[in-house]
Structure formats: C-alpha cells, structure tokens
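K.L.:
Sequences listed follow chains A and B, in order. Quick note: the first sequence, position 98, residue 98 per the numbering used here, numbers continuous. Quick note: the second sequence, position 89, residue 1089 per the numbering used here, numbers continuous.
If you're looking for bench data, these hints aren't it; they were derived computationally from the structure. Any given hint might turn out to be false.
Covered by chain A, per the in silico footprint, the following chain B stretches (three or more residues, Cβ under 8 Å) [unchecked claim]:
1) 1186-1193
2) 1210-1220
The following residues of chain A were derived to be distant from chain B, with all beta-carbon distances above 10 Å [unchecked claim]:
3) Arg10
4) Gly26
5) Thr86
6) His196
Ranges between beta-carbon positions, derived for each pair [what the hints assert, rightly or not]:
7) A:Arg68 x B:Tyr1064: 25 to 35 Å
8) A:Val106 x B:Arg1204: 53 to 63 Å
9) A:Arg5 x B:Gly1107: 20 to 30 Å
10) B:Asp1129 x A:His18: 42 to 52 Å
11) B:Asp1129 x A:Glu71: 31 to 41 Å
12) B:Ile1149 x A:His18: 29 to 39 Å
13) B:Gln1118 x A:Pro103: 31 to 41 Å
Heads up, the beta-carbon is just placed ideally off N, CA and C, and yes, glycines get one too.
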Amino acid sequence: MIEVRDLTVRAGNCLLDHLQFSVPDGQYTVLMGASGSGKTTLLETLCGLRPVAGGQIRLNGRDVTRWRPAERGIGYVPQDGALFPTLTVYEHLAFGPRLRRTPRAVMDRKVTELAALLGLEPLLGRWPEGLSGGERQRVALGRALAIDPAILCLDEPLNALDEQTHRQLCNLLKTIQRQTRVTTLHVTHDSAEARHLADQLLILKDGQVAPGAWATPAEKP
Amino acid sequence: MACGDQQPPPAPRPRVPPDWPFFLGLGILGGTYLLLILLLLVADTFYTTFGELGRILVDPEIRYSLKLSLASCSITALLSLLVAIPIGFLLSQASRQLSAYRAAHAGARLPWPFRVKQAGFLLLDTLLDIPIILPPLVIGLSLLILFRIPPFKWIDRQVTYEIPAVILAQFMVAAAFAVRTMRITFDQINPRREQVALTLGCNRAQAFRRVVLPQARRGILAAATLAWARALGEFGPILVFAGATRLRTEVLSTTVFLELSIGRLEAAVAVSLLMVAAAILVLVLTRLFGVRDTVISGAGL
Chain A
1 MIEVRDLTVR
11 AGNCLLDHLQ
21 FSVPDGQYTV
31 LMGASGSGKT
41 TLLETLCGLR
51 PVAGGQIRLN
61 GRDVTRWRPA
71 ERGIGYVPQD
81 GALFPTLTVY
91 EHLAFGPRLR
101 RTPRAVMDRK
111 VTELAALLGL
121 EPLLGRWPEG
131 LSGGERQRVA
141 LGRALAIDPA
151 ILCLDEPLNA
161 LDEQTHRQLC
171 NLLKTIQRQT
181 RVTTLHVTHD
191 SAEARHLADQ
201 LLILKDGQVA
211 PGAWATPAEK
221 P
Chain B
1001 MACGDQQPPP
1011 APRPRVPPDW
1021 PFFLGLGILG
1031 GTYLLLILLL
1041 LVADTFYTTF
1051 GELGRILVDP
1061 EIRYSLKLSL
1071 ASCSITALLS
1081 LLVAIPIGFL
1091 LSQASRQLSA
1101 YRAAHAGARL
1111 PWPFRVKQAG
1121 FLLLDTLLDI
1131 PIILPPLVIG
1141 LSLLILFRIP
1151 PFKWIDRQVT
1161 YEIPAVILAQ
1171 FMVAAAFAVR
1181 TMRITFDQIN
1191 PRREQVALTL
1201 GCNRAQAFRR
1211 VVLPQARRGI
1221 LAAATLAWAR
1231 ALGEFGPILV
1241 FAGATRLRTE
1251 VLSTTVFLEL
1261 SIGRLEAAVA
1271 VSLLMVAAAI
1281 LVLVLTRLFG
1291 VRDTVISGAG
1301 L
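Whenever a hint applies, use it, and build me the whole structure from the sequences.
P.N.:
Here's what the structure looks like:
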C-alpha cells in the first residue's frame, strides 16, 4: 500500500503541494493528468529519485520518505524504458537478481519464467538497440518485476506504441497484475487505457491528487 | 465536367535554387584545411629519404627516444584516465544537480548556499581548464618551481630531469584534455538509466560500475587516445622540467628539437614522420577498436 501524506515537491515549474492520496494493496491504480501536471515527478519522488520538500511517503506501513531508492523495493518502469544499451535482454532480466546475489540456477529459472510471461524468450540474446517499442517496454517491465517489487510504478509505459501493440501490452499488464497481485501505480493521460486497466482512478491536477470517476473496482463503470 | 469547360493551367513548378553550391562551398572550405594537412605530410615525406628513415631506426639514441615516448605516452594516457573518469563524472553530476535546483527554483531568489556551490563549481571547472590555456613552457616552469618547495622538494632529485618528470610534464596537459572528454561523455549519458539502476537495488557505486561506466567506454577510449596523442606531441614542459638529455629524458618531440639544433634537418624530418606514423597508427587502431566495440555490443553513447 502506498500512502502519501502532505507531500510537497518542487521540480522546475511543477509544484506538488501537500498531496494526500493512497493506493490500496494489490490494486491497479491509474493516475491521470495532463502533460506537465507532475505525474512523472510524483512517480520519481515515490521511487526516491527526487528530494521531498515536505510530507511523508509510507509504503506498506513504513515511512520511507528518507529511504534511498534501492531500499524501497519499488519496480520502476520509466516512459522511455531506459534500457541499458550494453546489456542483453537476458542480462536486463537478471540485473536485479544478480545484484541480490541470487544463485545462478534460481536466477536462470526466474529469467525463464519472466521471459515466458512477457513473451521475451526469442529475444533473450538480443541487445536493446534492435528491439521494437513494445519489446523494449516488455523488457523494462520484466527488469522491474525481476526484483519481486512490493510496488510497481509505471510511467506512461504504453505511450508511443502502435494500436495493436498498445492493446496487447494493456492486456499483458492487466494479466500480470492479476497474477502477481503487485500494488501498481500506472501513470497515463489516456482515458481509454485508464478505463481498461484501473481498479482505482486518481486525477492529478493543479498540484493536487483527487479521486477520479471511480475509487474501487465496484464503482467502475 | 462539360466538354467545353476550360481547365485552369497548372501552376508552374516552383523553382528552388539547387543545393550543390552549398555543399561545394562547404567542401572547398573544409577541403582547404584537409589539403594543407596532406601537403604537410607529403612535404615531410619528400624531404627525407628511406635511407634516412632506416638510419634513424637503428640509431640507438633515437631508438631509446622512441621507446621512452611510447612508454611514457601510454603511462600518461592511463594516469589521465585515472583522474579524468572520476572528475568527469563528478563534474557532470554536479552540473546536473545545479541545473535541476535552478529549474526547481526558477523565478525565485536563489539562497546563498546554492550560490556558493555554483560559484565553487565554476571555479573548479575553470581551474581544470588552466593546463589547456596556459602556455606549455609556463607549465614546465611551474612544475620546476613546485619541486623546489617542500614536500615535493624531498623527491626533487628522483623526479626533476628524470623520466618521472617526462611523464608528469606530459600528464599535466594530457589529463586536462581527457577530463574535458570524459565530462562531455558523462553529460551525454541518459541519467534515467542510472536512476532505474538505483531503484533495482544498486548503490551509487554499483550503478556507476554496472550501468554508467559501460556506456562511457567509447568516451574512455576517445579520452585515452586524445591523452596519448597530446602526450606524444608535448614538448615545452618536457624541455623545461625534464630536459632533453640523450639516452635519459629524450622523447621524440625533444629529438626533433635536438636534431634541428645541430643542423640535421633530414633527421629531424625523419623523426617527425615517425611521430606522424605512430600517431596515425594509434588513431586508426583505437577507431577500429571503437567501431568493432560498437558493432558487437550494439551500443551507442
């Protein structure tokens, strides 16, 4: 569960002012907002990549406001995927487990499972440069899931994809969230995407987070 | 449309001036410089003979000078990387942090601790450029003076006018170029990748080693090449700080000077050609390695 209390962040022209919201455990929450409203800034702050001017971030009941990014256990998928150009797809999926000194056999099994889940098996030996937009996003998602995150933060992961890939990835995200039950915060400005994915909808506007059209799956139209 | 209707005549094709004069102009301007370089090399080549080249290659003094040049330039390139990688990374990080802070407080009066940091950064950045701007002789002279002052004075005999002086003189200038190259390299690397590595469990050192440094390898190669080439051509600081003693501190650049000073122009030209050949060899090898590296990894900066 993510709980944000009185969170204030300054970044460029964007000011997030005393934000209050929570993301329930095991749910798929979509945060919508116009371009420049501070969606990415908010995700980066939750991940510990931006300093906080005030307030508190609590993850699964613990105050992590001053924790370093590595200590938060958040799987982060940025908008552009930010794949590492010097690593293969296999090495991307193995990056987190390798850091945690996971035994080789366990790591191999994990990478194989993730590759199967995300349809990446034929790409394991490939470099990021040769991948399509959809493949890149799947690798970025797999890299984030490989650390068994308590929370998954997705920053417009389906942006700039063609319609078919967009639909496929949308379904994939939903399936993975259902299977893993990982608490997910997905940022987008696409209302159709939000309708398809969200258990809970939040709106970021004028530096404030407000509940969207539905706050629970039961209220979803 | 009725048969009798008159169609308006199509608009005449718009004429745009051709592009070739633009490229011809660029070609002429750039080509002039390229031609000058080629003419220099051709002039050198025709001024000397194969016999002279053969003679200098067996001359023990010049062989020593060649060996010392290759060894000292390689050590200098390595030492330059040793300081350029950390300085380049730290400068790049500091620059990003300062920019982010300025952007976050755009329009507001910046607090004095930030302004002090900014001034400190600018001062540091300027200091690192001093070896590039200073006349080479001044660098040599400054090194000479430095080793007259404790604690450097205590090792003066082991350094000044000895081989370490050659390396130190080369290093002082070459490292400044390597630092600039590494700073630009790190500036060009997408910081988002390092941030993702941090969320995946890396500390800053691990993110640097596993994510940033591999992306910087082409820049590292470029910095090493530049430092090596600068070291090969260094003359002024070496002459002042290390001297030009035959079979002791003589490197190729000082050989050219020594040969000229005793009126052996052909030998000086032959040694110059040797330096040109060594420089071209290093440049070609590193470029080939760089291209191969890029193709294999499929990675760019």
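K.L.:
Next step is simple, just say for each hint if it's right about the structure.
P.N.:
Evaluated hints:
| no. | hint | in the structure |
| --- | --- | --- |
| 1 | 1186-1193 | holds (count 3) |
| 2 | 1210-1220 | holds (count 5) |
| 3 | Arg10 | 5 Å, violated |
| 4 | Gly26 | 20 Å, holds |
| 5 | Thr86 | 4 Å, violated |
| 6 | His196 | 26 Å, holds |
| 7 | A:Arg68 x B:Tyr1064: 25 to 35 Å | 55 Å, violated |
| 8 | A:Val106 x B:Arg1204: 53 to 63 Å | 27 Å, violated |
| 9 | A:Arg5 x B:Gly1107: 20 to 30 Å | 28 Å, holds |
| 10 | B:Asp1129 x A:His18: 42 to 52 Å | 45 Å, holds |
| 11 | B:Asp1129 x A:Glu71: 31 to 41 Å | 39 Å, holds |
| 12 | B:Ile1149 x A:His18: 29 to 39 Å | 58 Å, violated |
| 13 | B:Gln1118 x A:Pro103: 31 to 41 Å | 48 Å, violated |
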